[in-house]
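Undergrad: Those sequence lines, one after another, are chains U and W. Numbering-wise (the numbering used here), the first sequence opens with residue 1 and increments by one. Numbering-wise (the numbering used here), the second sequence opens with residue 482 and increments by one.
By construction, these hints were calculated from the structure, which means they are not laboratory data. Using N, Cα and C, we set each Cβ at its ideal position, and we do this for glycine too. Do not rely on the hints blindly, as some may be mistaken.
[Unchecked claim] To give an idea of the chain U side of the interface with chain W (calculated C-beta under 10 Å), a few residues:
| no. | residue |
| --- | --- |
| 1 | Gly33 |
| 2 | Ser37 |
| 3 | Thr65 |
| 4 | Tyr232 |
| 5 | Glu428 |
| 6 | Cys434 |
| 7 | Gln436 |
[Unchecked claim] List of simulated lysine to any residue pairs, SDA-like, C-alpha gap at most 20 Å:
| no. | chain 1 | residue 1 | chain 2 | residue 2 |
| --- | --- | --- | --- | --- |
| 8 | U | Lys450 | W | Arg624 |
| 9 | U | Lys470 | W | Glu589 |
| 10 | U | Lys67 | U | Leu57 |
| 11 | U | Lys346 | U | Lys450 |
| 12 | W | Lys592 | U | Ser440 |
| 13 | U | Lys450 | W | Lys729 |
| 14 | W | Lys676 | W | Gly659 |
| 15 | W | Lys584 | U | Leu57 |
[Unchecked claim] Quick list of simulated restraints, FRET-style, between CB atoms:
| no. | chain 1 | residue 1 | chain 2 | residue 2 | range |
| --- | --- | --- | --- | --- | --- |
| 16 | U | Lys166 | W | Arg620 | 56 to 62 Å |
| 17 | U | Lys399 | W | Cys536 | 43 to 49 Å |
| 18 | U | Gly427 | W | Arg620 | 25 to 31 Å |
| 19 | U | His419 | W | Gly629 | 28 to 34 Å |
| 20 | U | Gly427 | W | Lys606 | 31 to 37 Å |
| 21 | W | Asp661 | U | Ala411 | 52 to 58 Å |
| 22 | W | His723 | U | Asp455 | 44 to 50 Å |
| 23 | W | Pro597 | U | Pro203 | 54 to 60 Å |
| 24 | U | Lys380 | W | Asp663 | 55 to 61 Å |
| 25 | U | Ala421 | W | Pro678 | 49 to 55 Å |
| 26 | U | Phe405 | W | Arg620 | 47 to 53 Å |
One-letter residues, chain by chain:
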Amino acid sequence: MAKEQDDILNEVTEGEYKYGFVSDVETEMIGKGLNESVIRLISQKKEEPEWLLEFRLKAYRHWLTMKMPTWAKLEIPPINYQDIVYYAAPKQEAKKSWDEVDPELKATFDKLGIPLDEQKVLSGVAVDAVMDSVSVKTTFKETLAERGVIFCSFSEAVKTHPDLIKRYLGSVVPYSDNFFAALNSAVFSDGSFVYIPKGVRCPMELSTYFRINAANTGQFERTLIVAEEESYVSYLEGCTAPQRDENQLHAAIVEIVIEKNAEVKYSTVQNWYPGDKNGKGGIYNFVTKRGICKGENAKLIWAQVETGSAITWKYPSTILKGDGSVSEFYSVAVTNNYQQADTGTKMIHIGNNTRSRIVSKGISAGFSSNSYRGKVKVVKSCQGARNFSQCDSLLLGDKCGAHTFPYLEVANPTAQVEHEATTSKIGEDQIFYCNQRGISTEDAIGLIIKGYAGDVINKMPMEFAVEAQKLLQISLAGSVG
Amino acid sequence: MKGLLKIKNLHASIDGKEILKGIDLEVNAGEIHAIMGPNGAGKSTLSAVLTGRECFEVTEGEVWFEGKNLLELPAEDRAREGIFLSFQYPVEIPGVSTVNFLKTAVNEQRKYRGLPPYPASEFLKMIREKMELVSIDSRLLNRSLNEGFSGGEKKKNEIFQMAVLEPKLAILDETDSGLDIDALRIVASGVNKLKRPDNSTIVITHYQRLLDYIVPDVVHVLYDGRIVKTAGKELVAELEKHGYDWIKEEVNSAK
């Protein structure tokens, strides 16, 4: 019986990665390797002010003193940081009109289903497209500017809003935070900047789409979101990369600042190339994401669907500083074949009566390893904190692993902290039951996964929920067992 | 139409052990057949083999359904051809409501028959009608499929699914097990209401009590992988009175 189950699993999890193509875009690259002159070169190419170069150099010097963390349940092959290209940019003449942009570049985003032509765009979503190290195009900038919303590439923001960048850069994730944060701070190339002024409800979803295209390069982007008092924004990031035999490094930083009564919803659909069926190639995804609920009743919601990357190391976290502030974390992480994921969240309760909720759903198939690692911390002075965590694991087949590492640090007795965890398998029984009603095995798995991950998918912005659901099914296509 | 289902000399085994040792059975449209027998006779194996459960290996014999070679079809196609199994142990699918589950199933079956998907409003109308037919609570149908359902609710839900899918052949596998008398009555009355001249039912059971409510046209006794006795509904009472031992003796002395 076990054998048949394996066969079914194999069938279902053999889906192919659909974004593995390479675009033939003329690319400007610097040489491989990392040293101070490379950092100066990046800074110079981006025409950065002196203070930003100083920030990078400080980060770099600090990085040199650090070691790669080894506490995650991941087997990370040695990474040669001198063998990576730290800056690659599609060649394009200084920002002319969109009509003059390299057609191949446009075609790339078309192929990915990312609309950059405002005429054709889904209404209600503004997009910033980042290819390799630079932002290619941001849509609806003017429309947003009317409401005072700033949505542009990070490099542009450095030039147009240096005061804001200077004030907030590194304020939530300092360069010294961890090994990958230090590396990113030294070499980051582009990313998105979002500023929502006081009292403004951002009129559309904001979305950044990251694409790695060039070979042998690393992608190091930064996202900075600032939501002033009483404001609201929903932001989504998506990412893909070509299919290559070599591993590529992605180390990003996301910083979010939320003032009094403001709310930010940050959604991620992570679909970096996961490597092939035998574990060859794929993106190493080391990401530091953190938000601070600075003011009273500030709210931060994380929603993520993680299906890509050979290795994922990622713990979107919230510092609940303002009294009564709230954070929620909803995650579905899928691993298949030889993918490894060690992911979760941190909720740090500082303000009184702060609340957090964690719903994590892991799905493992093939030979993969999928770990949830989460920390709930309540400081001594924090009165009346509440947390609820639910961590579920679903196994497809018997060669994969699921692990849960919850950490609780509660220093105040008024806190209420709850943790629930379950592990289940898609059974041959469930699949046969569906078959017997006329539903094919592949659709049966889709249905079961959809039911399992529904709580999280429902938290994604509507436009992306359907896509996220399809992505889950594709990632597990060929993997039921 | 005669000869909806024809089983000829069917042998099946699991892990090399033979369970069905030559079954012959013919079910015509409009008939209700009861298959009775002691535990371990192969009753549930027969329903599993007919519906295409892959862990059983058919080693010999043929099964024809409306002139189609059933054994060549995967489980989902057998269902789409109109074979329905009311499970002895219905499974739970968390996060998927019965209504959503059935919508997927109905539309898959329609696709197979070359029909477009049910328009949402018509589907819901049909669901409401069937709900009344088997008197099932709508709140149950919006909950995750079978999750947290009582034994009776699960069985009722099976009959409700049968009502929605309108099979040509329904196989009720030990539908009476675990039911109290009230639940049994409700389930049986649902089955009776769904009876039509062009569909057939096979009731698999160990006990007589379900057959007090669903009256069979033909009764078979399955023992040690073979059908050893076939008679009219009067056989049910005889089995209830004397148990299965006299049949076992008959079979063994004939050897």
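Undergrad: Taking the hints in turn, state whether each one holds.
TA: Hints, verified against the model:
1. Look at U:Gly33: its Cβ only gets to about 49 Å from chain W, farther than 10 Å, so that hint breaks.
2. For U:Ser37, the interface hint is violated, since its Cβ never comes within 10 Å of a Cβ in chain W; the closest pair sits about 54 Å apart.
3. At about 47 Å, the closest approach between the beta carbon of U:Thr65 and any beta carbon in chain W exceeds 10 Å, and the interface hint on this residue is violated.
4. Here the hint on U:Tyr232 is broken, as its CB sits about 29 Å from the closest CB of chain W, past 10 Å.
5. Nearest Cβ of chain W to the Cβ of U:Glu428: about 8 Å, under the 10 Å cut. The hint holds.
6. Here the hint on U:Cys434 is kept, as its CB sits about 8 Å from the closest CB of chain W, short of 10 Å.
7. Contact between U:Gln436 and chain W, as hinted, is supported at the beta carbon level, the nearest pair being about 5 Å apart and thus within 10 Å.
8. Among the hinted pairs, U:Lys450 with W:Arg624 is consistent with the structure: their alpha-carbon atoms are about 15 Å apart, no more than 20 Å.
9. Note on U:Lys470 and W:Glu589: the hinted pairing holds, with a Cα-Cα distance of about 18 Å set against a maximum of 20 Å.
10. Proximity of U:Lys67 to U:Leu57 is assessed by CA-CA distance (about 17 Å); at most 20 Å being required, the pair is judged to hold.
11. For the hint linking U:Lys346 to U:Lys450, the alpha-carbon distance of about 26 Å lies beyond 20 Å, and the restraint is violated.
12. Restraint check: the Cα-Cα separation between W:Lys592 and U:Ser440 comes to about 12 Å, which is no more than 20 Å; the hinted pair holds.
13. Between U:Lys450 and W:Lys729 the CA atoms are separated by roughly 49 Å; this puts the pair beyond 20 Å, and the hint is violated.
14. Proposed proximity of W:Lys676 and W:Gly659 is contradicted: the alpha carbons are some 24 Å apart, above 20 Å.
15. Taken as a hint, the W:Lys584 and U:Leu57 pair is broken in the structure, with Cα atoms around 60 Å apart against an allowance of 20 Å.
16. At about 57 Å, the beta-carbon gap between U:Lys166 and W:Arg620 stays in the expected band of 56 to 62 Å.
17. Checked against the hint of 43 to 49 Å, the C-beta distance between U:Lys399 and W:Cys536 comes to roughly 20 Å, which is inconsistent with it.
18. Checking the proposed 25 to 31 Å range against U:Gly427 and W:Arg620 shows it holds: the Cβ atoms sit about 26 Å from each other.
19. Evaluation of the 28 to 34 Å hint for U:His419 and W:Gly629 yields a failure: the beta carbon distance comes to about 22 Å.
20. Between U:Gly427 and W:Lys606 the beta carbons are some 34 Å apart, a value that agrees with the proposed interval 31 to 37 Å.
21. For the pair W:Asp661 and U:Ala411, the supplied restraint of 52 to 58 Å holds, since their beta-carbon distance comes to about 53 Å.
22. Take W:His723 and U:Asp455: their Cβ atoms lie about 55 Å apart, and the range 44 to 50 Å is violated.
23. A hinted range of 54 to 60 Å for the beta carbons of W:Pro597 and U:Pro203 is inconsistent with their spacing of about 38 Å.
24. For U:Lys380 and W:Asp663, the Cβ-Cβ distance of about 58 Å falls inside the hinted range of 55 to 61 Å, so the restraint holds.
25. Between U:Ala421 and W:Pro678 the CB atoms are about 54 Å apart, so this pair conforms to the stated range of 49 to 55 Å.
26. At roughly 38 Å, the beta carbons of U:Phe405 and W:Arg620 sit outside the given window of 47 to 53 Å.
Of the numbered hints given earlier, the model fails hints 1, 2, 3, 4, 11, 13, 14, 15, 17, 19, 22, 23, 26; all others are met.
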